[in-house]
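Trainee: Taken in order, these protein sequences are the chains called B and A.
Residue 1 is where the first sequence starts when you use this note's numbering, and the numbers rise one by one after that.
Residue 1001 is where the second sequence starts when you use this note's numbering, and the numbers rise one by one after that.
Read the hints as simulated data drawn from the structure, not as lab findings.
Check the hints yourself; a few may be wrong.
[Said to hold, decoys possible] Computed footprint of chain A on chain B, listed as stretches where at least three residues anywhere in the stretch have a Cβ under 8 Å from a Cβ of chain A:
id, stretch
1, 31 to 42
2, 64 to 73
[Claimed, not checked] Only pairs whose alpha carbons sit at most 25 Å apart, straight line, appear in this in silico DMTMM-like list of lysine to aspartate or glutamate:
id, chain 1, residue 1, chain 2, residue 2
3, B, K13, B, E120
4, B, K51, B, E112
5, B, K83, A, E1365
6, B, K13, A, E1028
7, A, K1297, A, E1098
8, A, K1284, A, E1267
9, A, K1378, A, D1214
10, A, K1313, B, D87
11, B, K13, B, E112
12, A, K1084, A, D1144
13, A, K1084, A, D1066
14, A, K1284, A, E1299
15, A, K1190, A, E1166
16, A, K1025, B, D69
17, A, K1084, A, D1187
18, A, K1313, B, E44
19, A, K1284, A, D1066
20, A, K1313, B, D69
21, B, K83, B, D8
22, A, K1313, B, E99
23, B, K106, B, E44
24, B, K53, B, D77
25, A, K1190, A, D1081
26, A, K1025, B, E36
C-beta atoms are modelled at their ideal positions from N, C-alpha and C, and glycine is treated no differently.
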Amino acid sequence: MSSNVPTDLRFSKSHEWVRVNGDIATIGITDHAQHELTDVVFVELPNVGRKVKSGEACAVVESVKTASDIYSPVSGDVVGVNKAAVDNPALVNTAPFGEGWFFQVKLSNAAEVEGLLTPEAYRAQIGA
Amino acid sequence: MGSSSLNMPLLRTPLFEAHQRIGGKLIEFGGWEMPVQYSSIVDEHLCVRRSSGIFDICHMGEVFVDGPASASFLNATLGNDIRKLAIGQGHYTHLCNERGGTVDDLYAYRLAQESYLLIINASRIEPDVAWLRARLSAFPTAADVHLDDASARTGAVAIQGPRVVEFIDQVFPGASTAGTAAVRVTDLRKNELGAWDFGGERVWVARTGYSGEDGFEVVAPGPVMQSLWTQCLAVGHVGCLQPCGLGARDTLRTEVCYPLYGHELDENTSPIEAGLGVFIAFDKGDFVGREALLRQKTEGVRRKCIAFRMTGKSAPPRPGYPIHGGGRPLGTVVSGTQSPSLNVGIGLGYVPPEFAAPGTTVEIEIRGRLYPAEVVRKPIFRKG
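Excised from the complex, chain B in its bound form:
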């Protein structure tokens, strides 16, 4: 299966991606993950202001088939959420690395990002 793995992102083993800009990390699920889910029909996001730890379940994505937890790959305060994905969950399928992002975290420990999978490592994990 061919999945898109952008080279400017970091990844978690549980198929979230992280885009870092200054001290703000934007988080979503990968093309591989949306392909596995298919038919995303519901997205539930954390409240702005919530403190999250890396590895903490803080959002939910639901396809017709199943509900899956989304884990924050990094620690910090939630500073933004993607209301467009809540209103139109299909964006997660059509633009997983773009308009289908989930939430933004103000990093409390930027070093965590270095511990995440590189594009090459994630590509190897999913066999892409």
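Following the hints, put chain A in place on chain B, whose structure we already have.
Mentor: What follows is chain A alone, placed relative to chain B:
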């Protein structure tokens, strides 16, 4: 993202390689490794509603019951009245225990004068066959009944959708050779079945299904299943035939409120509670569970299976979610999904009878929060 993995040995159908070849996504279902989807559940669901889809249902069980006492044995064991079946006819029925609980729900076909075929659930093959054998050993004329569990050597496919009639006669050319006398497959009426030759083998073709659409189920020996599947897809393109997985099978049946064993029915739930009393023939004489079922029918039940749809924006309801009403917990969702036809959360669940009337407002608890839903008439989805 959380995910699960397969970690126990699973059974495979004769079509397993075919599913792998076309990219079917495989999951565990009732001890079998089955395709849940090929393209997407929504795509496949809408394909069956609008044109046609083919499902691997080889995992289901087939039990042949033959002999001079087969009808009287089945009538003492099953809920519906087997005497209503002419040769080449089938109906939906239940295997109940003494308490009225459901051992399985199934389709019974009359193949010939003294020959019947039971199509049973994959997850229930062992308990059903054990149950039937135990009842048979206690049956006065057991020597006049022959029970043959053919599940392991028999496969089946379901071909469903409004455009199946455009190509099914090409898959099985000519007239039937047993069962209902039909000049062609499309002459079969609902719940009729006939035998056709395919690849040198006798296959049974029945006009029935589990999708709420017109369609057929084909029961055939395991070794011809691959060529049957391939042939259906080859001629089915005129009806836009697509392979469909268990995901779409589940959303299709949920929209039309067909029960799935282990969800709406189990050994502690009766067909009366499930709203399937019309399939119990109380006037045919004694059968297993009759007394308990009759008591439920006359005295009422403590819970009923409702159909509901979400009335606001919410996550899809799922099996196991609590149902609330009147400020208290009422029961549990047993089937639930996002309806691909209606694009709204729908489901089935059990509540006390006073909350079962269509129009009643209930609430579904999803991750600790309550979301409003309305009890609706079955089926939830009707073709406009």
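Trainee: Against the structure, test the hints numbered earlier, and report the numbers of the ones violated in rising order.
Mentor: Failing hints: none at all.
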